[in-house]
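Make the full structure from the sequences, and use the hints.
There are 2 protein chains.
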Amino acid sequence: MKLPPNVSQADFTAALQAFAKVVGNEWLFTSDEDLELYRDSYSVVWDEAEERTASAAVAPDNADQVVELVKIANQYRIPIYPISTGKNLGYGGAAPATAGSVVLDLKRMNRIVEIDEKHAYVVVEPGVSYFDLYNYIQEKGLKLWIDCPSPGWGSLIGNALDGGVGVTQASYRGHFDASCGIEAVMPNGRMLRTGMGAMPTAKTWQQFRPGYGPRIDGLFKQSNYGVVTKMGFWLMPAPESYTTGVITVPKYHDLIPLIDVMGRLEQSKIVQGLWMLSSPTTGVRGDAAHGGEAPKIDPAVQVILNDPNGADMNKLDAAAQTAGVPFWACELHMYGPKKLIEAQWECIRDAMGVIPGAQFKLNEVRSLPLPAADVAKMFDTGPLGIPSLRTFSLGPMVSYEGEDVVGHIFFSPVIPRTGEAAIEAMDLFSAMARKYKLPYPPMQFPSAIFERAFLFAVGLPVTRSATVNAKIRDIIRELVVTATERGWGEYRTAPAFYDLIMDTYSYNDHALRDVLESIKDAVDPNGIMSPGRYAIRSKNERKPKA
Amino acid sequence: MKLPPNVSQADFTAALQAFAKVVGNEWLFTSDEDLELYRDSYSVVWDEAEERTASAAVAPDNADQVVELVKIANQYRIPIYPISTGKNLGYGGAAPATAGSVVLDLKRMNRIVEIDEKHAYVVVEPGVSYFDLYNYIQEKGLKLWIDCPSPGWGSLIGNALDGGVGVTQASYRGHFDASCGIEAVMPNGRMLRTGMGAMPTAKTWQQFRPGYGPRIDGLFKQSNYGVVTKMGFWLMPAPESYTTGVITVPKYHDLIPLIDVMGRLEQSKIVQGLWMLSSPTTGVRGDAAHGGEAPKIDPAVQVILNDPNGADMNKLDAAAQTAGVPFWACELHMYGPKKLIEAQWECIRDAMGVIPGAQFKLNEVRSLPLPAADVAKMFDTGPLGIPSLRTFSLGPMVSYEGEDVVGHIFFSPVIPRTGEAAIEAMDLFSAMARKYKLPYPPMQFPSAIFERAFLFAVGLPVTRSATVNAKIRDIIRELVVTATERGWGEYRTAPAFYDLIMDTYSYNDHALRDVLESIKDAVDPNGIMSPGRYAIRSKNERKPKA
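Same order as they appear, the protein sequences are chains S and G. The numbers in my numbering rise by one with no breaks, and the one at position 156 of the first sequence is 156. The numbers in my numbering rise by one with no breaks, and the one at position 97 of the second sequence is 97.
Among the clues, some could well be false.
As the list claims (entries may be wrong) - Result set (DSS-like, lysine-lysine): computed pairs, CA atoms no more than 25 Å apart in a straight line:
| no. | chain 1 | residue 1 | chain 2 | residue 2 |
| --- | --- | --- | --- | --- |
| 1 | S | K140 | S | K107 |
| 2 | G | K539 | S | K361 |
| 3 | S | K338 | S | K377 |
| 4 | G | K539 | S | K539 |
| 5 | S | K539 | G | K338 |
Said to hold, decoys possible - Estimated spans, in silico, between C-beta atoms of each pair:
| no. | chain 1 | residue 1 | chain 2 | residue 2 | range |
| --- | --- | --- | --- | --- | --- |
| 6 | S | D427 | G | K140 | 58 to 66 Å |
| 7 | G | P200 | S | P295 | 53 to 61 Å |
| 8 | S | D32 | G | K71 | 50 to 58 Å |
| 9 | S | A318 | G | F360 | 18 to 26 Å |
| 10 | G | E364 | S | E485 | 29 to 37 Å |
| 11 | G | L500 | S | D427 | 58 to 66 Å |
| 12 | G | N508 | S | R542 | 27 to 35 Å |
| 13 | S | K437 | G | E139 | 36 to 44 Å |
| 14 | S | K437 | G | K118 | 33 to 41 Å |
| 15 | S | A466 | G | K140 | 54 to 62 Å |
| 16 | S | F360 | G | N508 | 50 to 58 Å |
| 17 | G | N363 | S | K315 | 54 to 62 Å |
| 18 | G | R477 | S | V354 | 44 to 52 Å |
Rather than coming from a laboratory, the hints here were simulated on the basis of the structure. Don't be surprised by glycine CBs; every beta carbon is placed ideally from N, CA and C.
Right under this line is the structure:
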């Protein structure tokens, strides 16, 4: 049996017995077979010494049991690692940040505690998945939408705490930002409620975010300061109708004004739905989850794309013009009453008029809900607030360096929201792909578009070969250095890179990390809660400063 | 000379000398005359033992000087109290939370550090007022708006940190929520940057809020964890055109569906501008800053309103119908391209169709900017992003209990966003007004309308009479008790009530406050930063627990 670090066999056995007394023997997991499920199947250090595996797992049924478990962990100094549904794929999955931790698996806590149609919010426990909530809303016939990432089997709370984003209206897409009100068990076993929920009689816990005094909700994001046992989320009222519209612009450098105009429209809330880039000329789609037939590419374009030194964009531009194919297309999802969608589309056309040759196609505005048969035909139902697992059917990477690709690990920098920065990022990722023969399309587009920033999430292939995985780790290290030089910081990463990335946030000799660690010492003096998560360590785990 | 608590005359003198060495003698203030300016002129404990006055004030020119001053404060254990422009009127003004503190007056730090039209953000120092920023934008001819509270002489940073709200588009109205990126000097004199700004090369500090790891920005709101020296704010792109629209509904209880429909429209982002209630029947306007002629009230209505037991709403309803005057009017500010405003208005009309007798008037949609002469005629220019001081010309309360009213102190509960709760609150405030003969109109309307909550900010009269002020304090205590019973928590208060209100946020034996105080101990072990602010105290200031 694996032991947590610095814990004796006797103490560990005693702790496990105490855990079992709280949850029942059937909810304590110690066998290799059971613990296999808590490994990160996309681990880039699979089966290596650095892989962080659990020593046990325990699954409480409710928050009171969480309190008891945390107290026991303190008593025996057992590191515990809470997960919701453990689907943080590409960023660490269910595996703990410190090897030998006991995973606190919250999957049984899957109650939808409250849902309010009028105020459009829900309160959930960590085990509630997007599917669970979607199905519940359908059963009850509530006029509410969810905003889910793709795939949709993850937990609302887990996704929000990991910094996840979705695909519907702008104000609901940032999942942590769309939350309101947290209940958490602190590392000392004490339960608290944030915001208005700190008033025992509170009527506006999920309705007013700021609360009174400091706002501590942000401390629970990508951290190790407590176990979130309940969280409120604002939901989008189900819109009346839906459509997509496509804007095309002819030339490569038209990307710059296209992004500028879209930015202003989004800052003004005229554009509120998700939009994704694609390049009809090169056949590359930013919307990787779109599926459908592979696009036909002009043979002259294909020759340019095949250039081993990278495609010459001037040549591509000329070839696109000859072929009469626009270089860029921007597909936008739109929601609301039909007359509003049509007016928004007119405003978008007017604003895009600054780009010569821009063309516009508004698809049919359809009343919602769509017939089930039509939904079934769609590849990606996320923009309609319907969770799916279809993204797994894509599997574009089959092998790398002769090894089967089993998953991906993300390199996820945030870059300025300009065409210039997007082009710089695309050039960089293309060059890296050529240099390391990565099985990528010739261009990488932003994965998430925020009002004032782009997020690229570049999935690097993970195999079961230690040699190939070591190479991938080197590539990620190189990417992090390059990105940092450019001022692009990563927003999220897997445990293998927590420290590497935190080290880049070094302003004033790591002043931010030092404050985060002083807070850690204050709330978790024994360092039992997810030690090392996002590179935050309590006093007894930190190395002395040089 | 007044001394800070537990500081010797010798240490205080030495500290003041050290302060002066940093900022120059002319920026250290110790005379009674100078310190008078730091009193809270709206204090409800004016000239009483409980009034919290400063022992000195010091005004640094830049963040490096703040670092030096904070280090000196630590050395001599001097409590310091940072203010931006000190205009937090009705909530404490410039006066410190603990008597004898040295006010750290940041008014000289009034640089607009960076403004970016494309990404629509600004980085300011604490001394930058809404007027400063507005004037700067006009001079540079930038297509950006500010969102300012009324009056507009306050600081962007101060207002955001105090939890202030403005009056333009929904996503810019919550000033803390509209911020992105903080630079702060921590109580140990160390400077940090939050979010992406923790990367020294960062290109997206003001562009991406979540950052990497825990998000600590919220810790700087209504707190005492550091001195904010720079802060980024997202700005609204200047809209093309503007208008207002008015919806009227005939009956008292039509308020319930009116609020429900508006709520759904706001959650759906179809309504994005501010709206304010008024009651044409009773002549009461929620928009206190509107000015203009006093409305004419039907004589039969006036008789009912004069009932010493409070107006009978059924009778009022009947009288309104006889007089042919709608009970409620909802005035909405709207922005954007003309065709979008018109489409939004049609959507609003369609949605309000569920209320029999609802009527609609869309005023002329005017291109922006309006001619200066037209702006000059407007009473309240805030919804056009133009700061003013005109709210001071209203002065509706001239005397109370025979004493001159010199200002107001706010009681500011957050209540559920329903017509039922609004009616309950109005009834409560009317009853309190009658009971204590407060010089109020017969109804109080929400002061700020959020997507999922209402904020009432009820201004109680402040005089220079200790007797009358004591009565006002009793009324506030009574209101707090009553509100807490109903589950309504206050979002902000003046120093005299920091503890009273914090005590209402008592879930699980004050677990939230205990965490806030453990963070305080971690970041400010000497308790030198704004001790007592929002009832947060370091170990050496706290009373031992019972």
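Each hint tested on the structure:
1. S:K140 to S:K107: holds, 23 Å
2. G:K539 to S:K361: violated, 64 Å
3. S:K338 to S:K377: holds, 23 Å
4. G:K539 to S:K539: holds, 20 Å
5. S:K539 to G:K338: It is violated: about 59 Å lies between the C-alpha atoms, which goes past 25 Å.
6. S:D427 to G:K140: 58 to 66 Å: Violated, since D427 (chain S) and K140 (chain G) (Cβ atoms, about 33 Å apart) do not stay within the stated range.
7. G:P200 to S:P295: 53 to 61 Å: This hint is violated: roughly 42 Å between Cβ atoms.
8. S:D32 to G:K71: 50 to 58 Å: Since D32 (chain S) and K71 (chain G) have Cβ atoms about 55 Å apart, the given range 50 to 58 Å holds.
9. S:A318 to G:F360: 18 to 26 Å: violated, 55 Å
10. G:E364 to S:E485: 29 to 37 Å: violated, 53 Å
11. G:L500 to S:D427: 58 to 66 Å: This hint holds: roughly 60 Å between Cβ atoms.
12. G:N508 to S:R542: 27 to 35 Å: holds, 30 Å
13. S:K437 to G:E139: 36 to 44 Å: Check failed, 54 Å falls outside 36 to 44 Å.
14. S:K437 to G:K118: 33 to 41 Å: holds, 37 Å
15. S:A466 to G:K140: 54 to 62 Å: Given about 57 Å between the Cβ atoms, the range holds.
16. S:F360 to G:N508: 50 to 58 Å: holds, 56 Å
17. G:N363 to S:K315: 54 to 62 Å: holds, 55 Å
18. G:R477 to S:V354: 44 to 52 Å: violated, 60 Å
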